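Peer 1: With chain R fixed as given, assemble chain V onto it according to the hints.
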Amino acid sequence: MTAPRTLFAKLWEAHVVTSAGDKDLLWVDRHFVHEGSHHAFAKLADRGLPVAEPGLTFGVADHYVPTRHRDRPIADPDIARMVRTLEENAATHGFSLFGLHDSRQGIVHVAGPEAGLTLPGCLVVCGDSHTSTHGAFGALGFGIGATEVAHVLATQTVWQKRPKAMRLTIDGPLAPGVGAKDMALAWIAKLGADGARGHAVEYAGSAVRGLSMAGRMTLCNLSIEGGARMGLVAPDATTFDWLAGRASAPRGADWDAAMAWWADLATDAGAAYDREVTLDAAEIAPVVTWGTSPEDAAPITATVPDPAKEADPARAEKIRAALDYMGLVPGRPLEGTPVDRIFIGSCTNARLEDLRAAASVLKGREARVPGTISPGSSAVKRQAEEEGLDAIFRAAGLDWVESGCSMCVGMNGDHVNPGERCASTTNRNFRGRQGPGARTHLMSPVMAAAAAVTGTLTDARPFLKERAA
Amino acid sequence: MTGWRRHEGLAVALPVEGIDTDQLIPARFMSRPRSAGYGGYLLHDMRRDAEGHPVPAFPLERPETAGASILVTRRNFGGGSSREAAVYALIDAGFRAVVAPSFGDIFAGNAVNNGLLPAQVSAEDAERLLAALAAGPLGAEVDIDAGAVTLGGLACPFALSEAQREKLVNGWDDIDVTRRHEEAIAAHRAALAAARPWLWPGATRDQGAR
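Residue numbers (my numbering), protein chains in the order written: chain R, 11 to 479; chain V, 1257 to 1466.
So that you can see chain R by itself, here it is in the shape it has in the complex:
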């Protein structure tokens, strides 16, 4: 009888090739690369090395791709070069590419799982911090830097210090209009943007078990915003039902063999964690951010914080600077703050379920401010169009565009203008993240949709109640 182990411990130990000092050399099952991985391919070329496992390497064009006029050549020469470099690297090294015109194209953390590439038990890396998303499947998913990307390309392994295991339990029923985005921002506001630094966070509890795969991906995606190395959810029937039949998921006898392993991955009774945190789901309200870090988050019913009431001078200074950048006045209600535009997109909140939720608010209504909706993948776009969601968004006066990282990171030309305030379903409200001088408020898809309708930060719940009535 072996000692009881956590999900995280089982996954980690299954991937250790060897150890040296405080680091383990881990086998990588899935390595996603994108246009921004050019530094790493250059390092590989400098050493004249091949890609060790092209069959476990997958390219996705997402970070820089245009979301408009895909029938035309890419206008920006720098971006055209980066997309072409990724295509050339895929051809040279012989790995699969979900390129600009591929039907499977999309944001890597949406398109990869959709293809059935992300499986329970896998170790998934990518040169992107939101690789934590893949933990939703009971996988180890974490972002790495360019030197590490080159190392994985050359060896299919990565050196890592084993993080500590933390369990974040969220029990109880979620109120209507409250979802995974609110759960994530609520815990980050409570623990801080570095609150889970050095930890692998396993999400547990009835509110987590009750989430769809889309919700679990949103929750795990935002793990990095709380400083966690990764986030995980134990695989269960929700996971297996979602995966069955996907293009790259195992089939037949392979599926049965995989299931025998996957069903045993959940944390054993009595396994110990280095740290335990609990939240009451019933206390979570729709959340918006007011500052320049995801930890600067509060219920929509709250007021803008007042630095004069903050005891810690460094904290007060940080609030003051954030409010100055954001153009907000201490003590005023968050609700009713005018916004200039909305954005629904990104690896955090642009899956089909997110678009359906936004459409439930926008149906038959008009947006008072301009906005852009960029689906998480080209497949999500096709499905949304089949369901008529695009017609709802267009009728509301919003732009329906192609899939990519788009206005979340502003690398492809989609950006928020200086001084403009954007209600955004993305993951980072950092200064300038959506463009120089841009003011970002993070929120869920229903909250961004409600902000479009009123032109202000708005509690989405009354809009949803009307629909339910």
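Because the hints were derived from the structure by calculation, they are not lab data.
Possibly wrong hints are sitting among the right ones.
Straight-line distance between alpha carbons at most 20 angstroms, and here's what the computed EDC-like set of lysine to aspartate or glutamate pairs gives [what the hints assert, rightly or not]:
#1 K20(R) <-> D32(R)
#2 K171(R) <-> E1422(V)
#3 K53(R) <-> D32(R)
#4 K319(R) <-> E1418(V)
#5 K171(R) <-> E23(R)
#6 K171(R) <-> E1418(V)
#7 K171(R) <-> D284(R)
#8 K53(R) <-> E1418(V)
#9 K20(R) <-> D34(R)
#10 K171(R) <-> D1432(V)
#11 K475(R) <-> E293(R)
#12 K200(R) <-> E1273(V)
#13 K475(R) <-> E376(R)
#14 K373(R) <-> E363(R)
#15 K200(R) <-> D181(R)
#16 K174(R) <-> E1418(V)
#17 K174(R) <-> D32(R)
#18 K373(R) <-> E395(R)
#19 K171(R) <-> D1429(V)
#20 K53(R) <-> E1320(V)
#21 K200(R) <-> D316(R)
#22 K53(R) <-> E1397(V)
#23 K53(R) <-> E63(R)
Note that the structure is a prediction, hence the values are computed from the model and not measured.
Peer 2: Below, chain V without anything else, positioned relative to chain R:
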């Protein structure tokens, strides 16, 4: 990458919490090749106003901080995006060490992989160092073997794992280190391929829109 043990240089204070990697280098500069140097992009949008003019009050824009190589700052430095370009910008601007109470995990890994020391000190020591630098930059020394940063009569210990220390001191490239484990990797792969061959999904092709 060449290793190093000890560095003497000018230390500058940046008394701001949570400088994320989007601040260290805004995304719009990352499509440019490294060969021209990323130093000019370091903290670009904090040191320059909307018109692109330098903000004279920003610490790194003051003439007396020219040539600074040690940055002292507050908690959660380098959080956010995994962009290694954030480290390139610091290095290309001449920095060898950043001293702070905490670092983003991915940033700290990237830093060590490029010879930049992420020296983690206590929050109290960080404030003492910042106070000592409040009037302006000072000569300082970081000693990796001693695990200490000294400046203005203060000596503050910093935390560094053995693996980080070895890599910084030796200037090791992980690919060379890992190649010594080729046999173990091959054995792991063979066992995995035998037990779970379905982990190799085969060549994936675009099957077109449904």
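Peer 1: Confirm or reject each hint.
Peer 2: Hints versus structure:
1. K20(R) <-> D32(R): Holds - the C-alpha atoms of D32(R) and K20(R) are around 18 angstroms apart, at most 20 angstroms.
2. K171(R) <-> E1422(V): holds (14 angstroms)
3. K53(R) <-> D32(R): violated (26 angstroms)
4. K319(R) <-> E1418(V): Violated - the C-alpha atoms of E1418(V) and K319(R) are around 43 angstroms apart, more than 20 angstroms.
5. K171(R) <-> E23(R): holds (12 angstroms)
6. K171(R) <-> E1418(V): Holds, at about 11 angstroms.
7. K171(R) <-> D284(R): holds (15 angstroms)
8. K53(R) <-> E1418(V): violated (26 angstroms)
9. K20(R) <-> D34(R): holds (14 angstroms)
10. K171(R) <-> D1432(V): Roughly 18 angstroms separates the two Cα atoms, so the pair holds.
11. K475(R) <-> E293(R): Satisfied, since the Cα-Cα distance of roughly 19 angstroms is no more than 20 angstroms.
12. K200(R) <-> E1273(V): holds (17 angstroms)
13. K475(R) <-> E376(R): holds (18 angstroms)
14. K373(R) <-> E363(R): Given that 20 angstroms is the threshold and the Cα spacing comes to 15 angstroms, the pair holds.
15. K200(R) <-> D181(R): holds (16 angstroms)
16. K174(R) <-> E1418(V): holds (18 angstroms)
17. K174(R) <-> D32(R): The hint holds at about 13 angstroms.
18. K373(R) <-> E395(R): With Cα atoms ~14 angstroms apart, K373(R) and E395(R) stay inside 20 angstroms; holds.
19. K171(R) <-> D1429(V): holds (17 angstroms)
20. K53(R) <-> E1320(V): With a Cα-Cα distance of about 36 angstroms, the restraint between K53(R) and E1320(V) is violated, given a limit of 20 angstroms.
21. K200(R) <-> D316(R): It holds: about 17 angstroms lies between the C-alpha atoms, which stays within 20 angstroms.
22. K53(R) <-> E1397(V): violated (32 angstroms)
23. K53(R) <-> E63(R): Distance of about 17 angstroms is within 20 angstroms: holds.
Hints 3, 4, 8, 20, 22 from the earlier list are contradicted by this structure; the remaining hints agree with it.
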